[in-house]
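Can you make the complete structure from the sequences, with help from the hints?
Each chain, written out:
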Amino acid sequence: MSFRAFLSRDLNRAFRAGGGWFYGLFFFALFSTAAGLVFGPAPTDLRASAPAVIWLGAAMALLMGASDVFAKDADSGFILILFAESESAARYLAAKAAFVLIVLVAPITLSAIPIAVMFSLPLIVAMTVAALLGAGLVGVGAVALFSAALSAGLRVGGLLPVSLATPIAAPLLIFGSLATKTIVEGGSVFAPETLLVLALACVNSAILPPFILWALRAGVD
Amino acid sequence: MKAITVFANPKKFEALSQCIAPIAFWTFLVLSAIGLFFALFQSPADYQQGDSVRIMYVHVPAAWLSQFAFVFIAMMSLVAYVWRHPVADIVARSAAMPGAVFTALTIFTGAVWGKPTWGAPWVWDPRLTSVLILLFIYIGYIAVWRSIADTERAARFARLVALVGVINVPIIKFSVDWWNSLHQPASIIRADGPAMHASMLTPLVLMWLAYTAFFVWSVLTGARSLLLFNQVERRSRHAPRTAKITAFNAEASS
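Protein chains in written order, with the working numbering: chain H, 24 to 244; chain B, 11 to 264.
Hints were generated in silico from the structure; no laboratory data involved.
All values reported here derive from a predicted model rather than from experimental measurement.
Heads up, the beta-carbon is just placed ideally off N, CA and C, and yes, glycines get one too.
Zero decoy hints are in this set.
Some but not every residue of chain H turned toward chain B, in silico, with C-beta under 7 Å: (1) L177; (2) S186; (3) L187; (4) P190; (5) A193; (6) F234; (7) W237; (8) A238; (9) A241.
Take a look, some chain B residues computed to stay more than 12 Å from chain H by CB distance: (10) I33; (11) A34; (12) M85; (13) P96; (14) H193; (15) T212.
Per the computed footprint, the stretches of chain B lying under chain H, defined by three or more beta-carbons under 8 Å from a beta-carbon of chain H, are: (16) 131 to 143; (17) 150 to 156; (18) 160 to 171.
Here it is, written out as structure tokens:
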């Protein structure tokens, strides 16, 4: 199967009735609203809490939203057939990565703009924060795919795979919220923290794919 | 390379561990007694921190061993993955619990030290946070072994967790350089030599050797128990079949 075939199959599945493509986005909106309620209406408190809320909410939404990305294929035995043709496995993984970017990363990044505005940030700052978040979420997306592959392979689901993968995403969350804090406080957009977020996103996207394939293969061996 | 082949034989590994484990255990007892004597009575108090600096002799070796143990687990996992080594997975598995205990000890003694020094037992400092993440990775690694009944399947996933989780070790090491950290930078393993007086360095090195001996003893004992457990399990799995064959043969011969 080609990359396009894999991707269109997954997109059709996600966007049809009951496909649940918006659950990640919905969780992010809900989490941010709940956090806003907890911190109260004072703009100073909201602005101070915005970096942590946005990064934590987006990362959790992505990790949980992508947790069943491989589940249907593992249950139906599709992954077993896939590994018989070694060439298809890389295309399959690339399609899954594109799927996560389209269905989860892009909507969460866009929705971060109104959420940041709700947290008393000026529109320009909110857009900058969202752009940084989008770049960082590419790296978190790789971790989310790794978590999903563990979930499909381990066949235990639930919290264990997410708990195994979350520590790997921790540096991105730490630097992401630090860089966002710098931007919110009027610092440089290209502060060292921002560059570290970009570097970590690249490192995660480069290092994790072989491990994702390994986890999928370990599940079917 | 030859050692890898030699220790692929569980019998040889068992014989060697039977010989080394008691030596490691007694080395641990003797060195920790000497090290603690030096730490408590011979080394001076710090001019700023006073006697609270003595926690260092328990805290620092535990921190070193917590990271070393995970690197060791990752290396054994790589050996198991590349060479399909039958003992490497068992050794890696038996190193996880002492590694986790060292990490927990690091966090606990760090909290005890942090209270008089920083005014708080816990701060969200990069070094502290990355060590806490290491503890979570240890717990996850142990959970993978315990949550999957099929040992071969569990081993495949445990190797994966170890090889991905080891990324955290350089993060711990360089966290004090990359972030603005409350934690002091490296003062022993430095390019220009240790920045510590010999009176403090001696008990520290003695305690580190004692902890290492404990780690060796713990890993060897754990690995031997796991090997014996596997043997017993294999025998009990085949026992009913063997009994049936013996009974059948006896009946046929009569």
